[in-house]
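If you're matching them up, the sequences are chains A and B in order. Residue 378 in this note's numbering is what sits at position 378 of the first sequence, and the numbering runs on without skipping anything. Residue 339 in this note's numbering is what sits at position 339 of the second sequence, and the numbering runs on without skipping anything.
Derived from the structure by calculation, the hints contain no laboratory data. Ideal placement from N, C-alpha and C gives every residue a C-beta, glycine not left out. Some hints here could point you the wrong way.
[Said to hold, decoys possible] Examples of chain B residues toward chain A, derived with CB under 8 Å:
1. G63
2. I374
3. F387
One-letter residues, chain by chain:
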Amino acid sequence: MLTAIILIPLLGALVVGLLPTTRAPLARPIALVVSFVPLVLTVLVWLRFEGGLLPEQIESLRWIPALGVEYKVGVDGISLPLVALTALLFPVSMAYPLDLLGRERMYYAIFLFLEAASFGVFLALDLFLFFIFWDLTLVGMYFVIAIWGHGDALRSALKFFIYTLTGSLAMLLGILGLYLATSPRSFDMVALIQNPALPGGGLRASLVFLGFAVAFLIKAPLVPFHTWLPPAHVDAPGPGSAVLAGILLKMGTYGFIRISLLMLPDAFRKYALALAIVSVVSIVYGALVSLAQTNLKRLIAYTSITHMGLVVLGIAAAGGVLGGDVEARRVALDGAVVGMVSHGLITAALFLISGSVYARAHTYEMPEFGGLLSRAPRLALLTIVAAFGGLGLPGLAQFVADISVFVGAFAVYPVLVIVSVAALVVLAALFLRMLRMMFLGPLADRWREFTDLDRVESAVLVSLLAPAVVIGVIPAWLINVIDATAGAVVGRL
Amino acid sequence: MSLVSILPELILLGGAVALLPLVLFFPWRLQNLAAHYSLFVLALSGAASVAMLGDPQGSTFFGTYSVDDSAVWGKLIILAVTMLTVALSYQWFDRDKRRGEYYVLLLMAALGGIILAGMTDLMELVLGVLLTSATGYVLTAYHRASARSGEAAIKYYLLGALTNGFMVYGVVLLFALAGTTVLGTMRADLSTADPFALIVAVALIAMGLAFKLGAVPAHAWMPDVADGAPAPVAAFLTAAPKIGALIALSRLVAVFPESQVGWRPLVAVLAAATMTVGNLAALRQEDVRRLLGWSSVSQSGYALMAVVALGRSDLAVPSLLFFLLAYALGNMAAFGVVTELRGLADRSRYAGLSRTRPWLAFVLLIAFLSFIGIPPLAGFAGKLALFGAVIQSGYTWLAVVAIINTALSIAYYARVIAPVYFSAPEPGLAATLGIWARVGAVVPGFLLILFGIVAEPLFHSFFSAQLLPW
Numbered sequence: 001m002l003t004a005i006i007l008i009p010l011l012g013a014l015v016v017g018l019l020p021t022t023r024a025p026l027a028r029p030i031a032l033v034v035s036f037v038p039l040v041l042t043v044l045v046w047l048r049f050e051g052g053l054l055p056e057q058i059e060s061l062r063w064i065p066a067l068g069v070e071y072k073v074g075v076d077g078i079s080l081p082l083v084a085l086t087a088l089l090f091p092v093s094m095a096y097p098l099d100l101l102g103r104e105r106m107y108y109a110i111f112l113f114l115e116a117a118s119f120g121v122f123l124a125l126d127l128f129l130f131f132i133f134w135d136l137t138l139v140g141m142y143f144v145i146a147i148w149g150h151g152d153a154l155r156s157a158l159k160f161f162i163y164t165l166t167g168s169l170a171m172l173l174g175i176l177g178l179y180l181a182t183s184p185r186s187f188d189m190v191a192l193i194q195n196p197a198l199p200g201g202g203l204r205a206s207l208v209f210l211g212f213a214v215a216f217l218i219k220a221p222l223v224p225f226h227t228w229l230p231p232a233h234v235d236a237p238g239p240g241s242a243v244l245a246g247i248l249l250k251m252g253t254y255g256f257i258r259i260s261l262l263m264l265p266d267a268f269r270k271y272a273l274a275l276a277i278v279s280v281v282s283i284v285y286g287a288l289v290s291l292a293q294t295n296l297k298r299l300i301a302y303t304s305i306t307h308m309g310l311v312v313l314g315i316a317a318a319g320g321v322l323g324g325d326v327e328a329r330r331v332a333l334d335g336a337v338v339g340m341v342s343h344g345l346i347t348a349a350l351f352l353i354s355g356s357v358y359a360r361a362h363t364y365e366m367p368e369f370g371g372l373l374s375r376a377p378r379l380a381l382l383t384i385v386a387a388f389g390g391l392g393l394p395g396l397a398q399f400v401a402d403i404s405v406f407v408g409a410f411a412v413y414p415v416l417v418i419v420s421v422a423a424l425v426v427l428a429a430l431f432l433r434m435l436r437m438m439f440l441g442p443l444a445d446r447w448r449e450f451t452d453l454d455r456v457e458s459a460v461l462v463s464l465l466a467p468a469v470v471i472g473v474i475p476a477w478l479i480n481v482i483d484a485t486a487g488a489v490v491g492r493l
Numbered sequence: 001m002s003l004v005s006i007l008p009e010l011i012l013l014g015g016a017v018a019l020l021p022l023v024l025f026f027p028w029r030l031q032n033l034a035a036h037y038s039l040f041v042l043a044l045s046g047a048a049s050v051a052m053l054g055d056p057q058g059s060t061f062f063g064t065y066s067v068d069d070s071a072v073w074g075k076l077i078i079l080a081v082t083m084l085t086v087a088l089s090y091q092w093f094d095r096d097k098r099r100g101e102y103y104v105l106l107l108m109a110a111l112g113g114i115i116l117a118g119m120t121d122l123m124e125l126v127l128g129v130l131l132t133s134a135t136g137y138v139l140t141a142y143h144r145a146s147a148r149s150g151e152a153a154i155k156y157y158l159l160g161a162l163t164n165g166f167m168v169y170g171v172v173l174l175f176a177l178a179g180t181t182v183l184g185t186m187r188a189d190l191s192t193a194d195p196f197a198l199i200v201a202v203a204l205i206a207m208g209l210a211f212k213l214g215a216v217p218a219h220a221w222m223p224d225v226a227d228g229a230p231a232p233v234a235a236f237l238t239a240a241p242k243i244g245a246l247i248a249l250s251r252l253v254a255v256f257p258e259s260q261v262g263w264r265p266l267v268a269v270l271a272a273a274t275m276t277v278g279n280l281a282a283l284r285q286e287d288v289r290r291l292l293g294w295s296s297v298s299q300s301g302y303a304l305m306a307v308v309a310l311g312r313s314d315l316a317v318p319s320l321l322f323f324l325l326a327y328a329l330g331n332m333a334a335f336g337v338v339t340e341l342r343g344l345a346d347r348s349r350y351a352g353l354s355r356t357r358p359w360l361a362f363v364l365l366i367a368f369l370s371f372i373g374i375p376p377l378a379g380f381a382g383k384l385a386l387f388g389a390v391i392q393s394g395y396t397w398l399a400v401v402a403i404i405n406t407a408l409s410i411a412y413y414a415r416v417i418a419p420v421y422f423s424a425p426e427p428g429l430a431a432t433l434g435i436w437a438r439v440g441a442v443v444p445g446f447l448l449i450l451f452g453i454v455a456e457p458l459f460h461s462f463f464s465a466q467l468l469p470w
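Just need the whole structure built from these sequences, with the hints factored in.
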């Protein structure tokens, strides 16, 4: 089942990519149908899910026994919500209208390829396999930004590629550090979770931890490794940004849990405070810098840094101290995972909205707009919901995440939490300011012909925001799945 | 000792020697058959090599020549490179008056590389280096009328004559110190040798091998040959001699007692310098062929990492062989695309290749991604094993240098990929060479993907490969 989730989009990518020129119009329907299949499969996986410390529904195959490499996939309570997020976000992003510059086949092939690779990252239970999928997402996203981006797309794409590949190479050193410490040598993640290869927080464990931390901090991204993010987002096409923010950034925070927390628990405890401080700096920095933005997409990009900082704060708190307050740390970890899902849904929606705005106005500058509420009520309504989601209004998913992380982390790092809460107030102000600049006030003459969202756009945004509302109102179904693993993880530390 | 143990070499030698009188007397229109004939000879030699894979590993002819699996794999990789070169050459030399003799030289050059890969005696080291060099100069200058080809050959020759001369002095000195030229027995004799003389000998020999490898400080010929030599020759000369020389170097370092000669740090520094110099020089190239030449220098630097790990990590030999295989295929694929585009060098002329020639563009992309080490391509498994080997040997800093270099290298590979994929095609389709060259480019591209995914049989064999005299 899990293998099919990876394989079906991959085969779809091949089929779409190799369509003859005369059949190019088939690319879109084929791609959309193929990309929905994993969503159905994910629901089945969800229904069969039981939960526990170790991944389940494992499928494995000997691959390169000489090196100790296996093909091995499985899910736990941390990865399953992210798999579901991937399964939802990809089809709707692909459905979102975009000027494809006459390269439909390549566009849909790359998106399906990216979808397969993203599933692979979250499902992989072998470090070798994990690394393969991790790098493939970079290659795919590089092409998306470079080909269908705008502005200085080539430069932004290259910056993205070099930055994140440097991170992944640092991770490769970390992987080798773990690999060389196993006996017999293997890349098996389940075995590494059961018996961490580098117990104690010695020099070697610290260096390995550092390698992984650099990779994940770049990917997430947190300050000071975030500088690739704003240009990449601003110049990427809307659906590309949605996938980048919604899925690819999550790989950084997912890695912190899957590898740093689970495989290097002692080193993690040693450096948890440092990680928490970095995350709070990111929270504050992201919020303050967003405040200075007039570019809509740049603003959303910086709020991403705040939200991802919040997720990392939850993770750092979960692995922070020995014993005591198990419940609080468990809540923090639950909140971190909910935060990933919520940020994925809401930020993807916001980026798609910016894409729609750009398609109509060819600018992201908010001061140029105003009064769009009368011209585009559907756009306004959906943006308002998404923005309220972003600022953490109760009743929406982000609130569940914020409150869980804060409550949980408060037991571990009270001062840091107080600082972060203050930053969230800034976030609220700037989202409200964004709404005012875009939708209220007088309508400028040049926007008299501004068209509202069409049916596909509206349907896509609703399908992203509806789950955010559902999670906000009844979060139990999601938190139970997360907690089944998070509880065991924190309990073991 | 039996002649059967050197059957692949004998086939190659006999094939080349028999071809020479044939092409001297055959009419010109039949000389194209020399390509078919060479493919047959190479395949025959390859079949004889494959048959040796199961045999007991050891040495032959009184310990002077090795028949271990490292030698056999070296042969196979070089033979594959040569076959691909023949495919690239067939239409390239179509109108050349002396296309027959070309294949004689090519076969002899391949033989030189193979002797290097199997050498366990200093005399054979000299033989292999000189055989690849002498044929290499002529092959580089094969377009007599082309000034660029001549210039590249002169540069190649001057540097080669100098470094080969150094090397011969080094060999003589080593012989004087050890009283033997056989590597297997040399180690014991060298343990009491004068350390200063030994260091001089090592340095002199290192110069000769660095030249073959395209490693610092004798790397300067590589971009010139890549740019000036006929494109198929450039493909061959940036791959085949390097494979032989790396395996030869790996064998040679075994005899130097580490207590007297710190060759490990020396090779590590050379590796770091080579990859850095190659990458920095490639950064600003507008000429795709020069860029490939510099990238080939940097790849030599990565390959030297395996030498650093020899004897300290069980990953050293597998990583060396796998990396060489991946490098050779990537190199043939990239130069294959260049050849199929009739030696196109100007970066801007590659604009829109992904739309006009999607398959060639894809092969080029695969080759570059494999050079960078993007999984699941063959280059990734090679680099992974290399990094593992040096980390295990206590040279983590070298792995870090390699990683910084890898990140740096993306910049120039992207400078070629960007026009190929992101620019609109210019009017006027780029001219191509023909079906032989196309096959010669696409096959290694396909193998890069295949060997990245189906790596087990290769690694399985590489792990059991001995590398005499280790």
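The hints, checked one at a time:
1. G63: violated, 29 Å
2. I374: holds, 5 Å
3. F387: holds, 6 Å
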